[in-house]
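One line per chain: the protein sequences are A and B, in this order. Note that this note's numbering has the first sequence beginning at 45, numbered continuously upward. Note that this note's numbering has the second sequence beginning at 271, numbered continuously upward.
Quick caveat, the hints were computed from the structure, so don't treat them as lab data. Think of the CB as a built atom: it goes at the ideal place given N, C-alpha and C, for glycine as much as any other residue. Hints may contain errors.
Pairs of lysine-lysine residues, derived as BS3-like cross-links and limited to a Cα-Cα distance of at most 25 Å, are as follows [as the list claims (entries may be wrong)]:
1. A:85 - B:278
2. B:421 - A:85
3. B:443 - B:345
4. A:85 - B:286
5. A:85 - B:338
FRET-style restraints, in silico, Cβ to Cβ [what the hints assert, rightly or not]:
6. B:382 - A:95: 17 to 27 Å
7. A:106 - B:446: 45 to 55 Å
8. B:318 - A:99: 16 to 26 Å
9. A:63 - B:288: 36 to 46 Å
10. A:91 - B:466: 44 to 54 Å
11. A:63 - B:282: 14 to 24 Å
12. A:91 - B:409: 18 to 28 Å
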Amino acid sequence: MLVPIRCFTCGYPISRFWDEYKRRVQAGEDPASVLDRLGIKRYCCRRMFLSTYEYMDDLMIYFKGEDVKKSDETSYLDENDLKKSKRRKEV
Amino acid sequence: MDVEILNKNELTMELKVSGISPQFMNLLRRVLIARVPTIAIDDVIIVENSSIMYDEMLAHRLGLIPIKADILNLKEDTIAYFKCEVSAEYGDRVVYSRDLVSSDPNIVPAYDTIPICKLARGQKLSFEAIARVKYGYQHARFQPVSACAYKQLEDGETFIFRFDSTGISEPEKILQKGLEVILNTYDDLLKSMISKLKE
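One chain only, chain A, in its complex shape (with noise of 0.2 Å):
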């Protein structure tokens, strides 16, 4: 769903690093070398990062907000969103 807090197997607080490796890794950088930078050294750590997906971020454009969901005037889904989920069933 989103980054897990800590590594699974050792238990060190990855999760803080998160939002710079992600800045990084998109744009263009080398994903062990931001791990390196970062100090991350075990490979028990490393593969967090290395295989999370956060699906969250897929999920939540299909759920309406509280207040969204009384005035049926405005849909939550505003046009980036749905160029968003239109490029994922593309793909």
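Based on the hints, put chain B in the right spot on chain A.
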């Protein structure tokens, strides 16, 4: 018995301990993992949660957040209350550990950037949490150390002992507390032995 500090930073400590038996080295390791009192979120009262994440999962994530406190002066009944009220009004909003407001300025989450939950526009999250002092043998979230291990060198009496703090305290304080726990345990044993022998 001799100790040499090979490496030390804010989270990790590496020691070279010589003239000690493997049994005693293992005792220290196991005490650090399981018997050092540590504070962590133990009870969560969820007032409102309209996010996708289930209440149980949210509570589980909250429990795993390392909470920084003065570990040497923790009492059995030390308690801290946390409050959090976040609503996403404009767009997606991530709830971070820095959004937790503590009742005690000395007991706060060890890191500010731990993502707890994600809210879509219009969703709300509101809860209170109670942090209590417990031990590693009760639940892994009360462990003060993450990786904690030693390596025996060839002479059989020298060890390289390395451990990582989870951020709840400095590693040297955790080590000090662990040794205090061992001393107190044997002190209690000695006292009860003496009183039994007097009878």
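A quick look at each hint next to the structure:
1. A:85 - B:278: At roughly 15 Å apart (the allowed maximum being 25 Å), residue 278 (chain B) and residue 85 (chain A) satisfy the hint.
2. B:421 - A:85: 18 Å, holds
3. B:443 - B:345: Judged against 25 Å, a Cα distance of about 15 Å means the pair holds.
4. A:85 - B:286: Status holds; Cα separation ~20 Å.
5. A:85 - B:338: 23 Å, holds
6. B:382 - A:95: 17 to 27 Å: 25 Å, holds
7. A:106 - B:446: 45 to 55 Å: 52 Å, holds
8. B:318 - A:99: 16 to 26 Å: 23 Å, holds
9. A:63 - B:288: 36 to 46 Å: Holds, since residue 63 (chain A) and residue 288 (chain B) (Cβ atoms, about 43 Å apart) stay within the stated range.
10. A:91 - B:466: 44 to 54 Å: 53 Å, holds
11. A:63 - B:282: 14 to 24 Å: 23 Å, holds
12. A:91 - B:409: 18 to 28 Å: Taking Cβ atoms as reference, residue 91 (chain A) and residue 409 (chain B) lie about 24 Å apart, which means the hint holds.
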